[in-house]
Amino acid sequence: EKISDILIYKENQKIRAALIYTQTLNANFLDFIAVDRNLKHKNVAFALLNHYFAANTQNKFFKLFVEEKNQKAINFYKRAGFCFNHINLKFYRNF
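Following our numbering, the numbering of the sequence shown begins with 1 at its first residue and continues without gaps.
Some hints here could point you the wrong way.
Said to hold, decoys possible - Subject to a maximum C-alpha distance of 30 angstroms in a straight line, what follows is the list of computed DSSO-like cross-link-like pairs (lysine-lysine):
| no. | residue 1 | residue 2 |
| --- | --- | --- |
| 1 | Lys63 | Lys10 |
| 2 | Lys42 | Lys69 |
| 3 | Lys72 | Lys60 |
| 4 | Lys42 | Lys90 |
| 5 | Lys10 | Lys60 |
| 6 | Lys90 | Lys72 |
| 7 | Lys63 | Lys90 |
| 8 | Lys90 | Lys78 |
| 9 | Lys90 | Lys10 |
| 10 | Lys78 | Lys40 |
| 11 | Lys42 | Lys63 |
| 12 | Lys40 | Lys63 |
| 13 | Lys69 | Lys40 |
| 14 | Lys14 | Lys42 |
| 15 | Lys63 | Lys78 |
| 16 | Lys40 | Lys10 |
Worth flagging that the hints you see were computed from the coordinates, not collected in a lab. Bear in mind that the values here come from a model prediction, so they are computed numbers and not experimental data.
Produce the entire structure from the sequences given, and follow the hints as far as they go.
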């Protein structure tokens, strides 16, 4: 019912960035984007995100979770075309 996929960016045979996502029948969930901090001005995250969209044209819905305080990530996803519906999820630990 779920399929996890990963897109990677390599330089000099080393993984320098990755995008992990999960496909379901109705939507794609963007789980994680990680980019080497030395590459932040090379638009690697945006390139991975564009490849993610191009590889998943059959899906109409793309979903992700972003912490409310992470304004940098929110701005990045807004520039990429995501619309936020302001759903709040609270996660609690019991330790």
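How the hints compare with the structure:
no. : hint          : result
1   : Lys63 / Lys10 : holds (26 angstroms)
2   : Lys42 / Lys69 : holds (24 angstroms)
3   : Lys72 / Lys60 : holds (25 angstroms)
4   : Lys42 / Lys90 : violated (34 angstroms)
5   : Lys10 / Lys60 : holds (29 angstroms)
6   : Lys90 / Lys72 : holds (20 angstroms)
7   : Lys63 / Lys90 : holds (17 angstroms)
8   : Lys90 / Lys78 : holds (22 angstroms)
9   : Lys90 / Lys10 : violated (35 angstroms)
10  : Lys78 / Lys40 : holds (17 angstroms)
11  : Lys42 / Lys63 : holds (25 angstroms)
12  : Lys40 / Lys63 : holds (23 angstroms)
13  : Lys69 / Lys40 : holds (20 angstroms)
14  : Lys14 / Lys42 : holds (16 angstroms)
15  : Lys63 / Lys78 : holds (13 angstroms)
16  : Lys40 / Lys10 : holds (14 angstroms)
Consistency note: the structure conflicts with the earlier hints numbered 4 and 9.
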